[in-house]
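S.K.: Mind docking chain B on chain A? Use the hints.
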Amino acid sequence: GEDVEQSLFLSVREGDSSVINCTYTDSSSTYLYWYKQEPGAGLQLLTYIFSNMDMKQDQRLTVLLNKKDKHLSLRIADTQTGDSAIYFCAESIEDSNYQLIWGAGTKLIIKP
Amino acid sequence: NAGVTQTPKFRILKIGQSMTLQCTQDMNHNYMYWYRQDPGMGLKLIYYSVGAGITDKGEVPNGYNVSRSTTEDFPLRLELAAPSQTSVYFCASSYSHLQPQHFGDGTRLSIL
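So the sequences go chain by chain: A and B. Going by the working numbering, the residue at position 50 of the first sequence is 420; the numbering climbs one at a time, nothing skipped. Going by the working numbering, the residue at position 6 of the second sequence is -4; the numbering climbs one at a time, nothing skipped.
Just so you know, these hints were derived from the structure itself, not from any lab. Small disclaimer: the values here were computed from a predicted structure and weren't measured. Misleading hints may appear alongside valid ones.
No farther apart than 25 Å at their CA atoms in a straight line, the calculated lysine to aspartate or glutamate pairs in the DMTMM-like style are these [to be verified]:
1. A:Lys406 - A:Glu375
2. B:Lys47 - A:Glu464
3. A:Lys406 - B:Asp95
4. B:Lys(-1) - B:Asp16
5. A:Lys437 - A:Asp373
6. A:Lys440 - B:Glu49
7. B:Lys34 - A:Asp373
8. B:Lys(-1) - A:Glu408
9. B:Lys34 - A:Glu408
10. B:Lys(-1) - B:Asp95
11. A:Lys406 - B:Glu69
12. B:Lys34 - B:Asp95
13. B:Lys47 - A:Asp373
14. A:Lys440 - A:Glu464
15. A:Lys426 - A:Asp448
16. A:Lys426 - A:Asp373
17. B:Lys4 - B:Asp28
18. A:Lys426 - A:Asp439
19. A:Lys477 - A:Glu464
20. A:Lys477 - A:Asp428
21. B:Lys34 - A:Glu375
22. B:Lys34 - B:Glu62
23. A:Lys477 - B:Asp95
24. A:Lys438 - A:Asp396
25. B:Lys47 - B:Glu69
26. A:Lys426 - A:Asp386
27. A:Lys477 - A:Glu408
28. A:Lys406 - A:Asp424
29. A:Lys406 - B:Asp28
30. A:Lys426 - B:Asp16
31. A:Lys440 - A:Glu384
32. A:Lys440 - A:Glu375
33. B:Lys47 - A:Asp396
34. A:Lys477 - A:Asp453
35. B:Lys4 - B:Glu69
36. B:Lys47 - A:Glu375
37. B:Lys34 - A:Asp396
38. A:Lys438 - A:Asp373
39. B:Lys34 - A:Glu464
40. A:Lys477 - B:Asp28
Bound conformation, chain B alone:
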C-alpha cells in the first residue's frame, strides 16, 4: 500500500531553471494538495485540487503551476526557479475536504 508517493526526494536547481515535482496517490482520493514547509513555519498551501481537471490556488501560488489530468497524479511545476522557493514540498491527498489528509515524504528542494 504505497499511499502518497513523491519524487524526487532531493533536488538542487540553479536560479532560472525549471522542474516538475511529481506526486501520485493510489487511494482513489478526490482531493490533492501541495504545501511548502519553511523552517519554523507551518505548512503553506500552494495549490489544491478537488478532482481530475479541477485545480485552485492556495495561499502561496505565485511561481508555481499544477495540473490534474488524472485522479492519481498531481504534479507541481516551477517554471523559473528562485532562491525564495528553496523549501521542503509536501503533497497530500484526502477522500474529501472533511477527511484527514495523507502526506508523502516530501521533496527537499534547494535553489542556488
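Only chain A is shown next, with the shape it has when bound in the complex:
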C-alpha cells in the first residue's frame, strides 16, 4: 500500500540550514505537503508543491521534489529556535480519492 517515510529526529545548530527528508511510494501523487506541529498544537500548513514541479521557494523555506526517486525535502535556511517542532510530510494520491497519506513526522531539535 501507500507509504510515506521520514526520519524521526533531526538535530541542527541555530543559524545552520535544516534539511528534512521524506520518501513516498505512490507514483500517482498530485500534491505533496509540509506541515509543522508545535507542542500541544494542531498542524499548520507550511508549504506544498504540485507533483509536476521540481522546486518551490518561500522565504526561508525551499521544497525540492525528485519524482523519479520519489523523494521530497524541506530546507529551512538560518534555522531559529522558533523552528523547533515536528514536521510532517503528506501526499495526496489520486487513486485514494485524494486522501492524504502521512509520514510519522520529523522532530527538529535546535542546538544553541
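M.R.: Just chain B, lined up with the frame of chain A:
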C-alpha cells in the same frame, strides 16, 4: 477568524463510556476530516465528509461514528470507549480535495 475549532481540549473517559468530540469551521469548507494521532505515527484518517449529509469511512473507522448535518459542524462520536482509542484527535477542513487542509488544535483523549 476562528478557523477550525475543536472541543473539548482534554478529556478522560472510563472504559465503556461514550462521548462526542465537537468540530466546527467557519471557512465554508466543503470537506471535513477526523484524524487520530498516536505517538511516533503519522495521522490516520478516521472519517471524512465531502459536504453536508455525506460521510465516508477512512482508514480506521471502527469504534467511531460521524454525522454532517451542516457545512460547519462535523462531530465524532465514540459509543463504547476502549483503551485503544486513547489518542490525540484532530479535525481538519478544506475547500476541496485538492486544497490544503486546515487543522484544529486537537482533543487529547485518555481512556482508563
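S.K.: Does each hint fit the structure? Answer for all of them.
M.R.: Hint check results:
{"no.": "1", "hint": "A:Lys406 - A:Glu375", "verdict": "holds (16 Å)"}
{"no.": "2", "hint": "B:Lys47 - A:Glu464", "verdict": "holds (17 Å)"}
{"no.": "3", "hint": "A:Lys406 - B:Asp95", "verdict": "holds (12 Å)"}
{"no.": "4", "hint": "B:Lys(-1) - B:Asp16", "verdict": "holds (19 Å)"}
{"no.": "5", "hint": "A:Lys437 - A:Asp373", "verdict": "holds (15 Å)"}
{"no.": "6", "hint": "A:Lys440 - B:Glu49", "verdict": "holds (23 Å)"}
{"no.": "7", "hint": "B:Lys34 - A:Asp373", "verdict": "holds (12 Å)"}
{"no.": "8", "hint": "B:Lys(-1) - A:Glu408", "verdict": "holds (15 Å)"}
{"no.": "9", "hint": "B:Lys34 - A:Glu408", "verdict": "holds (19 Å)"}
{"no.": "10", "hint": "B:Lys(-1) - B:Asp95", "verdict": "holds (8 Å)"}
{"no.": "11", "hint": "A:Lys406 - B:Glu69", "verdict": "violated (32 Å)"}
{"no.": "12", "hint": "B:Lys34 - B:Asp95", "verdict": "holds (16 Å)"}
{"no.": "13", "hint": "B:Lys47 - A:Asp373", "verdict": "holds (19 Å)"}
{"no.": "14", "hint": "A:Lys440 - A:Glu464", "verdict": "holds (15 Å)"}
{"no.": "15", "hint": "A:Lys426 - A:Asp448", "verdict": "holds (17 Å)"}
{"no.": "16", "hint": "A:Lys426 - A:Asp373", "verdict": "holds (23 Å)"}
{"no.": "17", "hint": "B:Lys4 - B:Asp28", "verdict": "holds (19 Å)"}
{"no.": "18", "hint": "A:Lys426 - A:Asp439", "verdict": "holds (18 Å)"}
{"no.": "19", "hint": "A:Lys477 - A:Glu464", "verdict": "violated (28 Å)"}
{"no.": "20", "hint": "A:Lys477 - A:Asp428", "verdict": "holds (21 Å)"}
{"no.": "21", "hint": "B:Lys34 - A:Glu375", "verdict": "holds (14 Å)"}
{"no.": "22", "hint": "B:Lys34 - B:Glu62", "verdict": "holds (22 Å)"}
{"no.": "23", "hint": "A:Lys477 - B:Asp95", "verdict": "holds (18 Å)"}
{"no.": "24", "hint": "A:Lys438 - A:Asp396", "verdict": "holds (11 Å)"}
{"no.": "25", "hint": "B:Lys47 - B:Glu69", "verdict": "holds (16 Å)"}
{"no.": "26", "hint": "A:Lys426 - A:Asp386", "verdict": "holds (20 Å)"}
{"no.": "27", "hint": "A:Lys477 - A:Glu408", "verdict": "holds (10 Å)"}
{"no.": "28", "hint": "A:Lys406 - A:Asp424", "verdict": "holds (21 Å)"}
{"no.": "29", "hint": "A:Lys406 - B:Asp28", "verdict": "holds (16 Å)"}
{"no.": "30", "hint": "A:Lys426 - B:Asp16", "verdict": "violated (30 Å)"}
{"no.": "31", "hint": "A:Lys440 - A:Glu384", "verdict": "violated (29 Å)"}
{"no.": "32", "hint": "A:Lys440 - A:Glu375", "verdict": "holds (11 Å)"}
{"no.": "33", "hint": "B:Lys47 - A:Asp396", "verdict": "holds (21 Å)"}
{"no.": "34", "hint": "A:Lys477 - A:Asp453", "verdict": "holds (10 Å)"}
{"no.": "35", "hint": "B:Lys4 - B:Glu69", "verdict": "holds (12 Å)"}
{"no.": "36", "hint": "B:Lys47 - A:Glu375", "verdict": "holds (24 Å)"}
{"no.": "37", "hint": "B:Lys34 - A:Asp396", "verdict": "holds (17 Å)"}
{"no.": "38", "hint": "A:Lys438 - A:Asp373", "verdict": "holds (16 Å)"}
{"no.": "39", "hint": "B:Lys34 - A:Glu464", "verdict": "holds (18 Å)"}
{"no.": "40", "hint": "A:Lys477 - B:Asp28", "verdict": "holds (15 Å)"}
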